[in-house]
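Asker: Chain by chain, the residues:
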Amino acid sequence: MKYPAALEVNGVRYEVEIEPHRSLLSVLREDVGLVGTKEGCDDSECGACMLLVDGRPVNSCSYLALQVGERPIQTVEGLASDGRLHPLQRAFLEEGGVQCGFCTPGMLMSAKALLDLNPNPTEAEIRHHLGGNLCRCTGYAGIIRAVRKAAAAGA
Amino acid sequence: MERGYFEPRELKAALAALGEHPAAAIVAGGTDLVVAHRSGKKRLADEVLAIHRLKELEGIEPQTSGGLRIGALVTHAELEASSALRETWSAVPDASALVGSPATRNMGTIAGNICNASPAMELGSPLLVFDASVELACVSGTRRVSFAEFVTGPGQTARRPDEMLTAVWLPPVPPGVRTVSAYLRLEYRQAMEIAVVGAAVALRIAKDGACEEARIGLTAVAPTCVRALEGEAVLKGQRISPDLLERAAVAAAGSARPIDDVRAPAEYRQAMVPVIVRQALELALKRSGQTATGGRT
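If you're matching them up, the sequences are chains V and A in order. Note that my numbering gives residue 103 to position 103 of the first sequence, counting from 1, and the numbers run on in steps of one. Note that my numbering gives residue 291 to position 291 of the second sequence, counting from 1, and the numbers run on in steps of one.
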């Protein structure tokens, strides 16, 4: 049986009807139509599906969509505003923190969660907080530089 | 069968729902259950009892006895950040800090870690060395079961289908003497890792430097986390020395019965038990301000 839910994603309410076993990731991509959040391993290992629920990082492939309730969801689509990139997005571009781009939405959301809590993280703290985000293009150096740069810019 | 979803706001309603639907999957953070379902390893039951809104299952509450009651929904992130745990039961936050990634620790709960009953569960050995017990509730009442008896095998627990694990109890540590503890593991990477071999130790050190009481728990080397009684016996009542630690670590390996799996062959696991136990003992002693040579740092 399907259950009604009203998901608040990036400040916009989406009314959906979903089955209990559906992951938040699949509902966002298939029902809501926001495909910025990626399906990598679909096994809670890689972090490509990382988004924020109530400001905190969640692997959306392993969380049931119905459990979100009315808590706000933030995805990569909500980072830019008024056509201007978020400082993290700008820094990723400037520092070469993107190669194939598949891990990038998850990296950005994990980095955002970190900077929201800790605006001036050390490199060790950045590495620790991005520990659940894998990049298979081995672009970590550029990613770490980008988060440091965004922090310095007051992201 | 039609799939059902229950999301009660009160424990009483949750227990009533579970009484009527004992086959329901009890889901909190979903970090084990939803992953196992999606990977095809273990299908989620058709009925889902989502317990994440049960306020009664939140919070770490110090007891007047000096013990601690940890609600079922307390996350690894909360365990990691708890100053009460860090001060007195350090091995517990040590273990939670190693689980998964920030996202896993943010969603994964103590009850989920226990009920998933993996032989590699990070919290298993710390809970064993502190004689923790679990609180199980059903419509007709509540019972307490020691953690050591609760986990009965890989993925197996003594929870009856109509019961919910509602809290974990840590008994007080004896006053007057310092109890120090630590948990660490052999790992191949620093995040999103599962213990290859893990060890928790808890030591009660007297003022004269003798080890009054010793507990050693081993992770990922047997069907469940196990106490290493032979290793404990070597330490008990003795003055700490490097030789004593080595003998205790070697004796502890006698309690390991590892298997081969993708993470390591049994032989390697067996060989690593004394190494990890020794490291855990040294970390605990460092925290007591006591070195292996008996001097104070």
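Incorrect hints may have been included.
With a straight-line Cα cutoff of 30 Å, these simulated BS3-like cross-link-like pairs (lysine-lysine) come out [claimed, not checked]:
no., chain 1, residue 1, chain 2, residue 2
1, V, K2, A, K286
2, A, K207, V, K2
3, A, K42, A, K55
4, A, K207, A, K236
5, A, K236, A, K286
6, A, K12, A, K42
7, A, K55, A, K12
8, A, K55, V, K2
9, A, K41, V, K2
10, A, K207, A, K286
Hints are computed from structural coordinates only; laboratory data are not their basis.
Asker: Given the hinted pair A/K41 and V/K2, is their alpha-carbon gap at most 30 Å?
Answerer: Status holds; Cα separation ~24 Å.
Asker: So if I understand the rule, the pair passes when the alpha-carbon distance is 30 Å or less; does A/K42 with A/K55 pass?
Answerer: holds, 28 Å
Asker: Can you confirm whether the C-alpha distance between A/K207 and A/K236 stays at or below 30 Å?
Answerer: holds, 15 Å
Asker: Under the criterion that the straight-line Cα-Cα distance not exceed 30 Å, is the pair A/K55, V/K2 satisfied?
Answerer: Since the Cα atoms of A/K55 and V/K2 sit roughly 26 Å apart, the hinted pair holds (cutoff 30 Å).
Asker: Verify the proposed pairing of A/K55 with A/K12, using a straight-line Cα cut of 30 Å.
Answerer: holds, 12 Å
Asker: Given the hint that V/K2 pairs with A/K286, test it: the Cα-Cα distance must not exceed 30 Å.
Answerer: Violated, at about 55 Å.
Asker: Does the structure keep A/K207 and V/K2 at a Cα separation of 30 Å or less?
Answerer: Distance ~64 Å between A/K207 and V/K2 Cα, so the pair is violated.
Asker: Please verify whether A/K236 and A/K286 have alpha carbons no more than 30 Å apart.
Answerer: holds, 18 Å
Asker: Given the hinted pair A/K12 and A/K42, is their alpha-carbon gap at most 30 Å?
Answerer: Since the Cα atoms of A/K12 and A/K42 sit roughly 28 Å apart, the hinted pair holds (cutoff 30 Å).
Asker: Verify the proposed pairing of A/K207 with A/K286, using a straight-line Cα cut of 30 Å.
Answerer: holds, 15 Å
The structure fails to meet hints 1, 2 from the earlier list, while all remaining hints are met.
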